[in-house]
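A.B. asks: Full structure from sequences and hints, please.
Number of protein chains: 2
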Amino acid sequence: MRVTIYDVAREANVSLATVSRVLNNSPHVRESTRRRVQEAIDKLGFEPNLVASALMTKRTRLVALLVPDISNPFYAEVARGVEDAAAELGYNCVICNVGGDTAKQAEYVNVLRRKGIDGMIFGTANYDDKLVLDLSRGSYPLTLMARDVPAAEVNRVLVDDGAGGAMAARHLLELGHRRLAMVTEPGGIHSSQERARGFREALDEAARDGVEAVYLEAEGSDIAAGLAAGRRLLDMTPRPTAVFAANDLLAIGILQAAREADTRVPDDLSVVGFDGTVMADVTQPPLTTIVQPMRDMGKAAVRLLVETLQNGGEHQRIVMSPELRVAGTTAAYRPARPAAN
Amino acid sequence: MRVTIYDVAREANVSLATVSRVLNNSPHVRESTRRRVQEAIDKLGFEPNLVASALMTKRTRLVALLVPDISNPFYAEVARGVEDAAAELGYNCVICNVGGDTAKQAEYVNVLRRKGIDGMIFGTANYDDKLVLDLSRGSYPLTLMARDVPAAEVNRVLVDDGAGGAMAARHLLELGHRRLAMVTEPGGIHSSQERARGFREALDEAARDGVEAVYLEAEGSDIAAGLAAGRRLLDMTPRPTAVFAANDLLAIGILQAAREADTRVPDDLSVVGFDGTVMADVTQPPLTTIVQPMRDMGKAAVRLLVETLQNGGEHQRIVMSPELRVAGTTAAYRPARPAAN
DNA sequence: ACGGGCACCGAAACCGCTTTCATCCGCGCT
DNA sequence: AGCGCGGATGAAAGCGGTTTCGGTGCCCGT
Numbered sequence: 599m600r601v602t603i604y605d606v607a608r609e610a611n612v613s614l615a616t617v618s619r620v621l622n623n624s625p626h627v628r629e630s631t632r633r634r635v636q637e638a639i640d641k642l643g644f645e646p647n648l649v650a651s652a653l654m655t656k657r658t659r660l661v662a663l664l665v666p667d668i669s670n671p672f673y674a675e676v677a678r679g680v681e682d683a684a685a686e687l688g689y690n691c692v693i694c695n696v697g698g699d700t701a702k703q704a705e706y707v708n709v710l711r712r713k714g715i716d717g718m719i720f721g722t723a724n725y726d727d728k729l730v731l732d733l734s735r736g737s738y739p740l741t742l743m744a745r746d747v748p749a750a751e752v753n754r755v756l757v758d759d760g761a762g763g764a765m766a767a768r769h770l771l772e773l774g775h776r777r778l779a780m781v782t783e784p785g786g787i788h789s790s791q792e793r794a795r796g797f798r799e800a801l802d803e804a805a806r807d808g809v810e811a812v813y814l815e816a817e818g819s820d821i822a823a824g825l826a827a828g829r830r831l832l833d834m835t836p837r838p839t840a841v842f843a844a845n846d847l848l849a850i851g852i853l854q855a856a857r858e859a860d861t862r863v864p865d866d867l868s869v870v871g872f873d874g875t876v877m878a879d880v881t882q883p884p885l886t887t888i889v890q891p892m893r894d895m896g897k898a899a900v901r902l903l904v905e906t907l908q909n910g911g912e913h914q915r916i917v918m919s920p921e922l923r924v925a926g927t928t929a930a931y932r933p934a935r936p937a938a939n
Numbered sequence: 599m600r601v602t603i604y605d606v607a608r609e610a611n612v613s614l615a616t617v618s619r620v621l622n623n624s625p626h627v628r629e630s631t632r633r634r635v636q637e638a639i640d641k642l643g644f645e646p647n648l649v650a651s652a653l654m655t656k657r658t659r660l661v662a663l664l665v666p667d668i669s670n671p672f673y674a675e676v677a678r679g680v681e682d683a684a685a686e687l688g689y690n691c692v693i694c695n696v697g698g699d700t701a702k703q704a705e706y707v708n709v710l711r712r713k714g715i716d717g718m719i720f721g722t723a724n725y726d727d728k729l730v731l732d733l734s735r736g737s738y739p740l741t742l743m744a745r746d747v748p749a750a751e752v753n754r755v756l757v758d759d760g761a762g763g764a765m766a767a768r769h770l771l772e773l774g775h776r777r778l779a780m781v782t783e784p785g786g787i788h789s790s791q792e793r794a795r796g797f798r799e800a801l802d803e804a805a806r807d808g809v810e811a812v813y814l815e816a817e818g819s820d821i822a823a824g825l826a827a828g829r830r831l832l833d834m835t836p837r838p839t840a841v842f843a844a845n846d847l848l849a850i851g852i853l854q855a856a857r858e859a860d861t862r863v864p865d866d867l868s869v870v871g872f873d874g875t876v877m878a879d880v881t882q883p884p885l886t887t888i889v890q891p892m893r894d895m896g897k898a899a900v901r902l903l904v905e906t907l908q909n910g911g912e913h914q915r916i917v918m919s920p921e922l923r924v925a926g927t928t929a930a931y932r933p934a935r936p937a938a939n
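Keeping their order, the protein sequence lines are chains A and B. When we follow our numbering, the leftmost residue of the first sequence carries the number 599, and every step to the right adds one. When we follow our numbering, the leftmost residue of the second sequence carries the number 599, and every step to the right adds one.
Since the hints were derived computationally from the structure, they do not count as laboratory data. Take these hints with a grain of salt, some might be off.
Any copy will do: because identical chains look the same in the list, a pair fits if it lies in one copy or spans two.
With a straight-line Cα cutoff of 16 Å, these simulated EDC-like cross-link-like pairs (lysine to aspartate or glutamate) come out [claimed, not checked]:
#1 K728 to E751
#2 K702 to D682
#3 K702 to E686
#4 K728 to E705
C.D. replies: Structural data, given as structure tokens:
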């Protein structure tokens with residue numbers, strides 16, 4: 599049987615209450631008794647059972663992170679930030695892969711709450727997520743990551759997707775490209791739409807000198823979808839000279855399509871991605887991309903969550919800025935295509 | 599105040615004990631009472647507090663996964679498998695990034711135990727990890743992943759690293775390479791040494807026809823370390839025509855070094871990696887590598903853990919086989935280097 | 001000398017569930 | 001009719017802490 603607070607009390611000749619006070623650094627305990635208790639604790643090697651404590655205090659110091667898929671480098675990077683910050687603040691972090699499955703997500707949330715998890719970070723909410731709305735109404739501590747649910751009363755850590763899209767557009771325009779394409783993620787993925795909006799608006803602003811743009815919706819968010827979209831793109835006439843993909847994986851797929859078609863990147867086609875995961879560093883050439891501060895986003899998410907856990911105050915909203923990282927897949931537009939290589 | 603088992607008892611006109619029996623599917627309750635209780639539960643929307651239950655049963659249905667870094671694609675993939683299997687078995691999974699820090703790891707283990715985590719999966723043990731040995735002596739449920747601690751009484755899920763190394767060797771020999779190199783991870787990383795051993799032994803076996811091999815220890819396990827090692831490698835005379843790297847990141851670094859040096863892969867240099875992470879798919883050319891069944895390893899690790907959690911039986915040991923995946927970075931040795939391109 | 005206030009501490013209730021143990025009841029058997 | 005038995009149920013004791021509430025003892029002011 600493990601040593602309990604009771605054993606300590608007896609050893610130190612005090613009551614349970616006093617031991618508990620010492621454990622919790624209550625100010626109302628004489629220095630001499632505190633020392634006596636501490637000695638008993640050390641002598642017996644007592645380690646408080648946090649489950650028991652949680653039953654009374656209703657705090658497990660556990661938070662959950664819900665993501666579509668932890669093996670996706672973007673979420674892995676976010677998770678790293680989350681766990682780092684959580685650990686620093688004395689929390690542990692349970693991870694859940696919910697895929698795209700709403701029912702699964704609800705099930706997770708249910709058991710997590712029963713297990714006493716103090717709060718959650720959603721990296722996976724839909725635009726009008728019913729679950730998030732319900733939780734927020736029940737004032738369960740929440741912070742949303744990267745995806746917003748406008749109607750909910752919760753914390754949020756977002757990235758300015760619109761600004762990111764605009765960065766991509768301006769970068770390509772500055773390189774002299776005038777026939778552009780954008781490949782978006784399918785369906786109602788809000789961030790993808792925002793990126794497209796920012797991209798379009800930045801183009802419109804510069805439209806005086808005849809910029810054309812075509813928008814393609816991919817069938818998925820992964821490399822395969824990017825490959826398919828890339829093929830379609832390269833079949834167009836006239837062909838775009840530059841393309842902006844809503845995430846790195848799509849961009850990588852497009853690189854592969856270009857290689858298939860013997861289209862040289864960046865000579866014949868410039869490509870810009872979005873996210874800035876490690877994957878962008880290992881392509882050849884390395885991918886020019888709009889990078890999100892993934893780790894910092896994760897850290898900020900926990901900080902907000904823990905803040906409301908401890909002070910319960912107003913919900914906060916943090917919007918982070920993405921950054922253009924120019925690498926090898928973008929180059930100045932060259933009007934005359936060189937003779938067949 | 600949330601509804602408790604006590605409210606249900608009153609509503610259904612039974613005692614707490616009976617409600618508890620219904621909740622736990624105890625056989626000793628008459629069908630009619632079971633139904634009555636169930637109705638009360640539904641009516642009140644009762645959801646059992648698992649913290650309270652854990653206090654009594656000593657089971658939180660929480661397991662922990664300790665890895666050096668979740669943002670490393672290898673561990674992210676493993677984590678995915680772990681979480682999937684855990685969820686299937688009714689467990690949740692807390693993730694910890696321990697880096698290489700032994701003290702940090704001990705600290706994690708300490709608070710996890712206090713929080714009542716049922717068992718742990720170590721993806722991060724050293725060869726003679728003191729902590730693992732202590733835990734195993736205290737018969738705390740454990741399973742080791744990918745890294746072994748021979749002296750410990752625990753479950754383990756391993757990959758046959760030696761066999762993997764041998765596969766790499768045989769593949770390169772079959773392609774006609776005779777001047778080989780291997781780049782290992784630094785220090786006492788057991789798996790890396792095993793891979794080297796398997797590689798060497800397979801070479802020795804075929805050594806009759808004059809095979810040379812050089813072994814290089816990288817300064818780290820990441821791309822940068824691979825790049826540095828690659829540079830050294832390419833400076834050698836005579837230069838190896840094929841290289842086996844102890845992991846994909848090192849291999850990718852070597853590819854980058856080759857590109858710097860205008861050495862064509864696979865024409866002038868064949869490269870084999872180890873792991874089979876997504877990163878191997880996005881290099882150009884895609885990396886030939888020895889793939890580990892990362893997800894399955896994660897799943898198996900949880901299954902063993904949960905098994906000993908529930909039945910407490912003998913500790914098991916599973917050794918999985920890696921597989922050679924031939925992609926674009928390996929090609930037949932061409933004795934005469936073609937004229938300058 | 002005496003009342004009031006404060007710092008410190010202990011007794012006991014409590015968090016919400018599980019589990020043991022005793023009780024009760026109905027039934028079959030002799 | 002009396003007895004033993006087994007299955008269903010309830011009372012109560014935990015699990016290991018936290019927290020409230022009240023009681024000391026001591027110091028201070030008057």
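A.B. asks: It remains to establish, for every hint, whether it holds in the given structure.
C.D. replies: How the hints compare with the structure:
no. : hint         : in the structure
1   : K728 to E751 : within (13 Å within a copy, 47 Å between copies)
2   : K702 to D682 : between (26 Å within a copy, 12 Å between copies)
3   : K702 to E686 : between (30 Å within a copy, 11 Å between copies)
4   : K728 to E705 : within (13 Å within a copy, 39 Å between copies)
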